[in-house]
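Chain by chain, the residues run as shown.
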Amino acid sequence: MANVIVPIGPHHPALKEPVNFRIVADGERIVRLELDLSYNHRGIEKAAEQRDFIRVLPLLERVCGICSHSHSTVFVKGIEEIMELEIPPRARFIRTIIAELERMHSHLLWLGVAAHEVGFNTLFMWTWRDREAVQDTLEEMSGNRVHYGMNEVGGIRRDLTPSEVNAALARLPHLEERIREYAKMVNDQETLLIRFKGVGKLSRDEALAYGAVGPTARASGVDYDIRRDDPYLAYTVVPWNVVTDTSGDVYGRTRVRIGELQESIKIVRHCLENLPEGPIRVNAPKTAPKGEILSRYEAPRGELAHFIRTNGTDKVERVDIRTPTLANWTSVALCLVNQNLADIPVIVAAIDPCLSCTSRITVVNPKDRTTGIVTFDELRKQSHLRASMQERR
Amino acid sequence: MKPLLTLDFVAETMKEWGTAEQVRHNRIRITATPETVRTAIINARELLECDRLITISAVDNGKTLELVYHLTGPHRSVISIAIELPRDKPEVPTMSDILPPAGIYERQIHDLLGIVFPGHPDLKRIMLNEDWPLEEYPLRKDWKKDPGTFYGGIPGERI
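Each protein sequence line maps, in turn, to chains A and B.
Residues in the first sequence are numbered consecutively from 1, following the numbering used here.
Residues in the second sequence are numbered consecutively from 1001, following the numbering used here.
Some hints could be false.
[What the hints assert, rightly or not] Covered stretches of chain A (chain B as the covering partner; in silico rule of three or more C-beta atoms under 8 Å from a C-beta of chain B):
(1) 40 to 47
(2) 254 to 266
(3) 293 to 306
Read the hints as simulated data drawn from the structure, not as lab findings.
As the structure is a computational prediction, the values presented were derived from the model and not from experiment.
Glycine residues also receive a C-beta, built at the ideal position from the N, C-alpha and C atoms.
Work out the full structure: start from the sequences and follow the hints.
Here it is in structure tokens:
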């Protein structure tokens, strides 16, 4: 039979994000994938060149709605290295706590999406319910469910109170139990095994050659993890392990992510229990000296790299962002070949693609079912209110 | 994990294709030229075990366009090979045949900075929207929005 082109998108088949696939198919079998992300370009790299180090952070956090802390941490880490600033241990630990909580919420979200893609909606509901415990912790610590706004050059912006630490610690045992349950489910639930095993296979050599990163690579037995290979934050002093798997399919990627959830709980618990005393920030100079750095970070989806060049002013000359999803597309195109058309959603979802979405704040009034938009002044009032409440606590 | 590469070893191995310097404890930067970069990367892959391309960073420094190829391997050292390209004819051979991940990064750089990679199998648009005008590269320092040009979206609305 002649090859047929099946266009999918501009909303991609797994998550509600903009990407356009042209799948060349022979019957139900995929021959080739052609990819086009050109649906919306937000120009963040260009906009970042025009803002000083204080104003650029909220912008960079909004590169991604899920790994927002990753983008701000990798950036401040790079700038601090150029400025030769040593940040206080307490700030390093709190950054690590937020980073690992972010990984947990991202992986739980992913697990739900993967379950949803194969029609197992019970698991989807369960994981998203359990994810709320992580979200609540993040909200208590930072004031926000996403876009935590914790980082600044020289340290962090909010300290953790003992009550926040205790509340976070109290949530961990239940989460740990739920994640153990998911680890069991992945190995013995028929629905998951049929749809995950042997699907979207990527061998170790292919993962290396095609530059897969993060859980996608580790599921194929490539043990690259920036947290260990190019250590930053508190990962050198906290005991933890790199999780790998050898099966190289969607099943392996699920097992790696569940293993990482368990490791993240260990890291968060260790950091909360051993939180060093002391200041949370040092005074950073306004300007950075001339320099360039490739700052690397293990985001939930894999290696995130910011190439930063400074020119002696309070703005960056260039920040070049390479997100883990961009690195993973090449390997997705490879592992789709010879697979079934119906498996596209789950294979694509298995790299946990994140195409950075934007959204506006809409307020829904449940009484009369009207919707509206919050003005900037109202938002400011709300945040002042919140800050004064926190001070009183 | 293997031990980190030393500057002496890298400088000696790569001296034909560029000069090496240690920028940070596990970062070595090699300054090459557009003519030598392809051989440099092939040799970094074979002699320095750099089997992994982290990314290709592109910078417009106002005078020239710079490309930096960041490679790593089982030794976990990052070898950055940097080149400069003239603005009027920014061309460098593609690396996508020797390092497959380079393909998607080169497409992105071509889209945003207008660098041409001869030999690339499919140098199509990837980042910018489909109605973005040709020959306009928004990440170049001298790029300015032209009020008379249509940049996509709904005609008549501001972008």
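Here's how the hints hold up against the structure:
1. Chain B is given as covering the region 40 to 47 of chain A, and this holds because 5 residues of the stretch bring a CB closer than 8 Å to a CB of that chain, at least three being needed.
2. Judged by the Cβ-Cβ criterion of 8 Å, the region 254 to 266 of chain A is not covered by chain B as claimed, because only 0 of its residues qualify and three are needed.
3. For the region 293 to 306 of chain A, the stated coverage by chain B holds: 5 residues have a C-beta nearer than 8 Å to a C-beta of that chain, and at least 3 were required.
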